[in-house]
Amino acid sequence: MTTPAWLTVLTTTDSEEKAHALAQGVVEARLAACVQISAPVTSVYRWQNAIETTEEWQLLFKTAAERYDELEAHLEAAHDYETPEIIAVPVVRGSARYLAWVSAETAPVTSL
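At position 18 of the sequence shown the residue is numbered 18 (the numbering used here), and the sequence of numbers has no breaks.
Honestly, the hints are just simulated from the structure, not real lab data. Honestly, I wouldn't trust all of these hints.
In silico lysine to aspartate or glutamate, EDC-like type, Cα no more than 20 Å apart, as pairs [to be verified]: (1) 18 - 28; (2) 18 - 82; (3) 18 - 80; (4) 18 - 76; (5) 18 - 85; (6) 18 - 72; (7) 18 - 55.
Ranges between beta-carbon positions, derived for each pair [to be verified]: (8) 2 - 54: 31 to 39 Å; (9) 93 - 42: 42 to 50 Å; (10) 98 - 50: 39 to 47 Å; (11) 5 - 36: 30 to 38 Å; (12) 52 - 28: 30 to 38 Å; (13) 25 - 4: 18 to 26 Å; (14) 29 - 49: 31 to 39 Å; (15) 87 - 52: 26 to 34 Å; (16) 100 - 42: 34 to 42 Å.
Glycine residues also receive a C-beta, built at the ideal position from the N, C-alpha and C atoms.
Whenever a hint applies, use it, and build me the whole structure from the sequences.
What follows is the structure, encoded as structure tokens:
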């Protein structure tokens with residue numbers, strides 16, 4: 001199986017402000033070229049032996065696969081959930097111009 005070159009990474013958080021802070025931090029760090037925030041969504045899940053229903057903001061990060069480990073580490077450190085949802089979905093196809101932009105915007109900055 002071929003490793004994808006690009007990913008869409010998903011997480012959620014419990015407020016619009018936190019969603020914007022996560023998005024801003026990731027884009028500033030060049031770990032994603034774009035973050036889309038959808039809100040609110042209703043999440044129903046089992047946590048600590050109870051069924052929970054909460055309103056959350058969903059974030060979709062567009063990134064190069066080579067930046068995933070750094071993106072995951074950034075989200076783990078910046079997120080206030082004990083166990084944040086962090087799921088990566090491969091981008092199988094897309095506009096060549098868009099994917100080139102994602103690659104350029106997530107390229108590690110090298111100092112001269």
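Status of each hint after checking the structure:
no.: 1; hint: 18 - 28; verdict: 15 Å, holds
no.: 2; hint: 18 - 82; verdict: 15 Å, holds
no.: 3; hint: 18 - 80; verdict: 9 Å, holds
no.: 4; hint: 18 - 76; verdict: 13 Å, holds
no.: 5; hint: 18 - 85; verdict: 14 Å, holds
no.: 6; hint: 18 - 72; verdict: 16 Å, holds
no.: 7; hint: 18 - 55; verdict: 13 Å, holds
no.: 8; hint: 2 - 54: 31 to 39 Å; verdict: 37 Å, holds
no.: 9; hint: 93 - 42: 42 to 50 Å; verdict: 31 Å, violated
no.: 10; hint: 98 - 50: 39 to 47 Å; verdict: 42 Å, holds
no.: 11; hint: 5 - 36: 30 to 38 Å; verdict: 20 Å, violated
no.: 12; hint: 52 - 28: 30 to 38 Å; verdict: 32 Å, holds
no.: 13; hint: 25 - 4: 18 to 26 Å; verdict: 24 Å, holds
no.: 14; hint: 29 - 49: 31 to 39 Å; verdict: 36 Å, holds
no.: 15; hint: 87 - 52: 26 to 34 Å; verdict: 18 Å, violated
no.: 16; hint: 100 - 42: 34 to 42 Å; verdict: 36 Å, holds
Of the numbered hints listed earlier, those contradicted by the structure are 9, 11, 15.
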